[in-house]
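J.: One line per chain: the protein sequences are A and B, in this order. For the first sequence, our numbering assigns the number 1 to the initial residue and increments by one for each residue that follows. For the second sequence, our numbering assigns the number 1 to the initial residue and increments by one for each residue that follows.
The set of hints was computed from the structure by calculation and includes no laboratory data. Every value quoted in this text rests on a predicted model; they were computed, and no experiment measured them. You may find that some hints are simply not true.
As the list claims (entries may be wrong) - Facing chain A, according to a computed beta carbon distance under 7 Å, are these residues of chain B, among others:
no. : residue
1   : E93
2   : G163
3   : A170
4   : L171
5   : G172
6   : A173
7   : Y282
What the hints assert, rightly or not - Calculated from the model, a selection of chain B residues having no Cβ within reach of chain A, i.e. all distances over 10 Å:
no. : residue
8   : C128
9   : P147
10  : E155
11  : I179
12  : G200
13  : Q228
Don't be surprised by glycine CBs; every beta carbon is placed ideally from N, CA and C.
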Amino acid sequence: MVEQSIYPNYPKDLEMVITTSQVNFFYGPTQALFDISLLIPAKHVTALIGPSGCGKSTFLRCLNRMNDTIPHSRVEGAITINQKDIYAPGTDVVELRKEVGMVFQKSNPFPKSIFDNVAYGPRIHGEKDPIRLAEIVEQSLQQAAIWDEVKDRLHANAMGLSGGQQQRLCIARALAVGPKILLMDEPASALDPKSTMRIEDLIGELRTNYTIVIVTHNMQQAARVSDYTAFFYEGSLIECDATPKIFTNPRQKQTEDYITGRFG
Amino acid sequence: MMTNNTADKFILLALRLITYAIVLVIGYILFDIIRHGASALNWQFISSFPRRSGAAGGIFPAIVGTFYLVVGTIAVSLPLGIGGAIYLAEYAEQDRFNTLIRLAIVTLAGVPSIVFGLFGLGIFVLFCGFGPSILAGSLTLACMVLPTIIVASEESLRAVPKGFRDASLALGATKWEMIRTNILPYSMSGMITGSILGIGRAAGETAPILLTVAAFYLPRLPKSVFDQVMALPYHLYILATQHPEADRIRHMQYGTALILLLLVLGLSLGAILIRTHFRKKYRW
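So here's chain A without its partners, still in its complex pose (with noise of 0.2 Å):
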């Protein structure tokens, strides 16, 4: 066990799915985490806040290991998913990605019909059959909310969708893998208010089954969606609480200072 002073009071029942403890991350020689101790608990929405720069987006990188892609960079302590730790040697990041779903802040629809970039990551996971492939798609449209929005055209170029479509299209995409974990890096940071607030009803849809790790610049939004959130700070954890904790009675003056919008 880990100790337990380094974590917040969580509620005892609740059951934390990710264990993150003393995370070191580093670019090279720079370093952008200092130990970070962070739980995540399952089938809640945990919110990352925190200034530009502050290493929130990184973090959560190091979650489902898209970091590895950096060359020269680094991770120090232990993340454990579902009590694995998946940095562990051997660990295949495969397996781990399957689990832990990404939607990133620019939309990123693969040129494609929206049909296929659904079945994307079915297909490449070893699906063939048509009629199964056809319902996955159909399932995670829907549990995306923009099923009745583009079943009549599934074979034309993702391209062509809005913005707010194309990022729900993004997240149907990810949520067709089966994850148990979603992680958001401020998915709604390029969109029109409209949009953003159909893909804040869509997270508040999808935390009843999944797990969301959300990053976010827009303190409203953390505070709308999230039912815990962690402040970050220059590369460090400052405070993490429940949500409405955190924006009425932080415990750190810093926390304070940032969610009243004395600096960031």
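Using the hints, position chain B against chain A.
T.: Just chain B now, with coordinates in the frame of chain A:
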């Protein structure tokens, strides 16, 4: 203020004239070749064998020879060049060894074509024992176009947005799955276009084939890749400078030049068609 405006107009005019001058030069070359070559051009010229050392008859074997060389060059250089480009763009780290590789590629692009010819003679014709043959000639031409193919392919691989790569990997694709399904299809048009333009240039080269494959006068078709062939650029060179009747067979020379030009233009046109096809299929 007035002076600034005038200077601007002057610059625009100057740049425009320079551009027109380029078009003029190309236009004149084309016009000259077509004017003199068109009269020689007929079905018999294209489809029959040469007679009297090329002073009469057609240039059919040279067309076939150049065609085989182009096909052979493509078959050798495309897989090698594209493979190398994938390695450099997707796998290689920016270390000293790979800087050396890049330097080698740039240098290779600057090597004079006659040096490639001599290299081909030394390595493929003599050392490998292929003799003067389609195989040796294609390999030599392939070496010559490799830098063009690698540079064009690497650029078009790098042009694929990072978002596609991230999305593939995040969905659990392995690196090769990512490259195969979400990089190569989008960069294919750029790779093929750049490669064909490079190969088109090589098709018109004389020096590399001079010592490795081209026959002075061989009025029959090759039976295997180990046979020599006639080739258009070399045939043109012979007709224009080495032929005893050079002065009296101008129409044959221009006709050959025209066919060679059409062949290269045809390759370029093919490249453009391929690009349009892929652009329509994958746009972002």
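J.: For every hint, state whether the structure bears it out.
T.: Quick rundown of the hints versus the structure:
no. : hint : in the structure
1   : E93  : holds, 6 Å
2   : G163 : holds, 3 Å
3   : A170 : holds, 4 Å
4   : L171 : holds, 4 Å
5   : G172 : holds, 4 Å
6   : A173 : holds, 5 Å
7   : Y282 : holds, 4 Å
8   : C128 : holds, 39 Å
9   : P147 : holds, 25 Å
10  : E155 : holds, 19 Å
11  : I179 : holds, 12 Å
12  : G200 : holds, 28 Å
13  : Q228 : holds, 47 Å
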